[in-house]
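Chain by chain, the residues run as shown.
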Amino acid sequence: MSGFNKVVSNYQEAMAGLTDDMTIIAGGFGLCGIPEGLITEIKRLGVKGLTIVSNNCGTDNFGLGMLLEDKQIKKMVSSYVGENAEFERQYLSGELEVDLTPQGTLAEKMRAGGAGIPAFYTATGFGTPVAEGKEVRQFNGRNYILEESVTGDFAIVKAWKADKIGNLVYRDTAMNFNPMAATAGKITVVEVEEIVEVGELDPNQIHTPGIYVNRIIKGSFEKRIEKITLAKN
Amino acid sequence: MSLNRDQIAMRVAQELEDGYYVNLGIGIPTLVANYVPNDIEVMLQSENGLLGIGPYPTEDQVDADMINAGKETVTAALGASIFSSAESFAMIRGGHVNLTVLGAFEVDQNGNIASYMIPGKLVKGMGGAMDLVAGADNIIVTMTHADKRDNSKLLENCSLPLTGVGCVKRIVTDLAVLEVKDGAFHLLERAPGVSVEEIQQKTAGKLVVPEHVPEMSFDA
Numbered sequence: 001m002s003g004f005n006k007v008v009s010n011y012q013e014a015m016a017g018l019t020d021d022m023t024i025i026a027g028g029f030g031l032c033g034i035p036e037g038l039i040t041e042i043k044r045l046g047v048k049g050l051t052i053v054s055n056n057c058g059t060d061n062f063g064l065g066m067l068l069e070d071k072q073i074k075k076m077v078s079s080y081v082g083e084n085a086e087f088e089r090q091y092l093s094g095e096l097e098v099d100l101t102p103q104g105t106l107a108e109k110m111r112a113g114g115a116g117i118p119a120f121y122t123a124t125g126f127g128t129p130v131a132e133g134k135e136v137r138q139f140n141g142r143n144y145i146l147e148e149s150v151t152g153d154f155a156i157v158k159a160w161k162a163d164k165i166g167n168l169v170y171r172d173t174a175m176n177f178n179p180m181a182a183t184a185g186k187i188t189v190v191e192v193e194e195i196v197e198v199g200e201l202d203p204n205q206i207h208t209p210g211i212y213v214n215r216i217i218k219g220s221f222e223k224r225i226e227k228i229t230l231a232k233n
Numbered sequence: 001m002s003l004n005r006d007q008i009a010m011r012v013a014q015e016l017e018d019g020y021y022v023n024l025g026i027g028i029p030t031l032v033a034n035y036v037p038n039d040i041e042v043m044l045q046s047e048n049g050l051l052g053i054g055p056y057p058t059e060d061q062v063d064a065d066m067i068n069a070g071k072e073t074v075t076a077a078l079g080a081s082i083f084s085s086a087e088s089f090a091m092i093r094g095g096h097v098n099l100t101v102l103g104a105f106e107v108d109q110n111g112n113i114a115s116y117m118i119p120g121k122l123v124k125g126m127g128g129a130m131d132l133v134a135g136a137d138n139i140i141v142t143m144t145h146a147d148k149r150d151n152s153k154l155l156e157n158c159s160l161p162l163t164g165v166g167c168v169k170r171i172v173t174d175l176a177v178l179e180v181k182d183g184a185f186h187l188l189e190r191a192p193g194v195s196v197e198e199i200q201q202k203t204a205g206k207l208v209v210p211e212h213v214p215e216m217s218f219d220a
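These protein sequence lines map, in sequence, to chains R and B. Under the working numbering, think of the first position of the first sequence as 1, with each following residue one higher. Under the working numbering, think of the first position of the second sequence as 1, with each following residue one higher.
No lab work stands behind these hints: they were computed from the structure. This structure is a prediction, so every number in the text was calculated from the model and none was measured. A couple of the hints might just be wrong.
To spell it out: a stretch of chain R is covered by chain B in this simulated footprint if at least three of its residues, at any positions, have a beta carbon under 8 Å from a beta carbon of chain B; those stretches are [what the hints assert, rightly or not]:
no. : segment
1   : 27-36
2   : 42-55
3   : 81-94
4   : 125-134
5   : 147-158
6   : 213-225
The following residues of chain R were derived to be distant from chain B, with all beta-carbon distances above 12 Å [stated by the list, open to error]:
no. : residue
7   : S9
8   : L18
9   : D21
10  : E197
Beta carbons are placed, not taken as given, at the ideal position from N, Cα and C, and that holds for glycine.
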């Protein structure tokens with residue numbers, strides 16, 4: 001590496017420094033827009049005791065669900081954790097801790113974490129089990145709960161294109177949680193479909209500025225689809 | 001006759017107004033998209049980060065990067081925009097979405113809703129439902145009036161853990177259209193051929209019945 005060039009040549013280098021008991025913020029919604037190769041590398045490393053902040057936990061044999069096979073995850077912070085039988089088994093047996101977090105609150109926790117805001121008030125979840133133990137405050141006659149933001153030792157992100165200094169562009173709804181995850185890691189690693197030269201991306205069209213990104217690797221993606229639904233005719 | 005799922009969706013579609021931004025939940029609410037009146041335009045929001053959901057794709061159009069909040073493959077409508085989940089929930093939480101339609105296990109006469117968790121059964125999570133009910137001024141709940149054992153789902157107090165408090169304004173069930181206000185369900189319409197007595201029988205919470213309760217109309 002030299003100067004601002006953040007491109008790494010192998011997955012070992014991409015995830016170097018990841019150790020047991022770390023917190024990882026992961027982009028992706030279901031299996032859409034997930035850093036497939038980085039997850040595979042985390043599995044290969046065999047690190048344990050991980051806390052993973054991600055909207056979902058993949059499926060039984062794909063995405064973050066793969067990390068359940070060797071019990072690498074201690075705790076999931078997610079909004080929805082269906083579609084995964086092994087997850088269910090570990091959760092019910094008490095091996096896996098789950099912090100169910102409303103989807104918008106989860107996105108905002110990442111966004112705030114990356115933006116240096118330690119906590120924020122939201123009406124989401126007031127009067128529900130989510131509010132238990134949280135400070136309540138009224139603004140203009142409405143009740144809000146205090147939610148703390150999150151940051152990670154690592155953030156793992158999937159983007160469509162990166163230039164060599166880490167400016168990112170996402171594609172379609174594979175964007176989802178990735179832009180916030182990218183800001184919330186002490187070390188942010190991005191797996192992309194294409195790496196281009198500096199200057200090839202239009203500065204007006206960049207979704208994530210390179211300042212948030214530490215390492216970039218070019219991946220090859222399977223892009224599994226959970227529910228193929230087709231037009232009737 | 002009680003309404004079937006499509007008829008409930010058809011009745012909800014009558015609540016749409018020209019120029020509305022609408023979020024439709026999974027299940028019956030998704031069907032509402034099939035019954036948008038021809039003379040109005042609405043734009044559908046998907047909370048993973050898409051405003052302007054188009055039709056399901058043809059086989060050639062299927063794209064793993066293009067899905068809705070139910071993780072189904074979709075297309076983008078003309079004029080759609082795509083953004084992050086934080087942006088998506090900013091527009092939801094900030095009250096910019098005109099109407100949210102979602103399902104529920106229970107609602108009560110104070111507008112509380114329980115839709116995500118049945119104790120003792122596996123909890124899969126609330127997804128975006130808590131943000132949606134906290135953010136929208138205009139929420140329609142679709143559900144059957146009673147469960148399979150005829151237990152009412154319109155209660156004095158929800159018995160299940162809540163998704164949101166004091167947020168439900170309108171309910172469309174297989175039997176009736178009701179408004180929730182002043183601590184009671186107000187009967188507005190009944191399904192064709194359904195008697196007021198049956199609705200009274202299947203409503204456990206406080207029900208206000210006006211002198212005349214019109215039948216729902218499905219004339220286009």
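Here's how the hints hold up against the structure:
1. 27-36: holds (count 5)
2. 42-55: Since 1 is below three, the answer is violated.
3. 81-94: Holds, because 5 residues of the segment 81-94 of chain R bring their Cβ atoms closer than 8 Å to Cβ atoms of chain B.
4. 125-134: holds (count 6)
5. 147-158: That given contact is violated, which follows from only 0 residues of the segment 147-158 of chain R lying within Cβ reach (below 8 Å) of chain B.
6. 213-225: Answer holds; 3 residues pass the 8 Å Cβ test.
7. S9: holds, 26 Å
8. L18: holds, 24 Å
9. D21: Fine: 24 Å to the nearest Cβ keeps R:D21 off the interface.
10. E197: holds, 23 Å
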